[in-house]
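Asks: Sequence:
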Amino acid sequence: MIPLKREELRRARLHPIGGLNSPLQALSQERWAAYPEISPPAPRHPAACELSEPVELSGPGQEFLMVPGIPSRRFSRFRGVSRKGFSLLEMLIVLTTMAILAGVALTHFQESTLDAKRSVLIHNWHVYRAQIQLYQLTHLGQYPELRNGQLPQLFQPTNQYGRIGLPGPAYPYGPYLDAPPINPYTMTDTVV
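By this note's numbering, the letter at position 75 of the sequence shown is numbered 98, and the numbering carries on one by one without gaps.
It is possible that some hints are incorrect.
Taking CB as the label site, the calculated pair distances span [claimed, not checked]:
1) M121 to V150: 18 to 28 Å
2) P175 to L144: 15 to 25 Å
3) N182 to D138: 14 to 24 Å
4) R186 to T136: 40 to 50 Å
5) Q165 to V143: 27 to 37 Å
6) P204 to Q133: 19 to 29 Å
7) Q133 to K107: 37 to 47 Å
Just so you know, these hints were derived from the structure itself, not from any lab. Each residue gets a CB set at the ideal place from its N, CA and C atoms; glycine is no exception.
When you get a sec, could you build the whole thing from the sequences and use the hints?
Replies: Given below as structure tokens:
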């Protein structure tokens with residue numbers, strides 16, 4: 024296609040395209056006359072020329088389609104402003120919203136963690152209390168002895184006097200617990 028100069032295009036865009044004698048077709052005929060070695064395209068019927076028909080441009084910096092009668096992005100009033108990405112303000116709003124949501128979620132997660140630890144500790148206390156009461160009932164009203172922060176008589180077989188031994192008829196009571204529960208706050212298995 025033969026390149027058109029910008030001022031020729033500007034003049035051609037000021038007039039509507041409607042027939043064979045429109046300014047754009049006249050310019051096109053003049054440009055074809057300047058290049059006799061190239062044959063011009065066949066003339067078109069006036070009904071075939073519509074406002075939405077694109078005109079291809081070629082040459083340096085003209086790699087777009089120009090639609091007569093419709094303003095192009097190249098000549099828009101927002102020249103130089105690219106709308107392909109997000110603006111700085113949009114990014115700041117999104118980041119601020121995400122930071123607020125993360126803060127709320129973090130505090131909620133920390134509260135949930137503390138609630139879970141508290142629930143585990145209360146459950147462990149109830150288990151210890153029930154097993155100590157059962158030990159007291161089967162051992163003549165005596166409580167298990169506390170040794171080095173542990174209650175070993177709850178985890179091994181004992182006789183009615185609280186002595187620890189091997190499982191069998193001489194040591195029929197216990198074990199009351201399989202293993203000492205872990206304290207979720209200190210991560211130890213000591214009672215005290």
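Asks: If a hint holds in the structure, say so; if it doesn't, say that too.
Replies: Now for the hints, and whether the structure bears them out:
{"no.": "1", "hint": "M121 to V150: 18 to 28 Å", "in the structure": "43 Å, violated"}
{"no.": "2", "hint": "P175 to L144: 15 to 25 Å", "in the structure": "21 Å, holds"}
{"no.": "3", "hint": "N182 to D138: 14 to 24 Å", "in the structure": "42 Å, violated"}
{"no.": "4", "hint": "R186 to T136: 40 to 50 Å", "in the structure": "42 Å, holds"}
{"no.": "5", "hint": "Q165 to V143: 27 to 37 Å", "in the structure": "29 Å, holds"}
{"no.": "6", "hint": "P204 to Q133: 19 to 29 Å", "in the structure": "23 Å, holds"}
{"no.": "7", "hint": "Q133 to K107: 37 to 47 Å", "in the structure": "41 Å, holds"}
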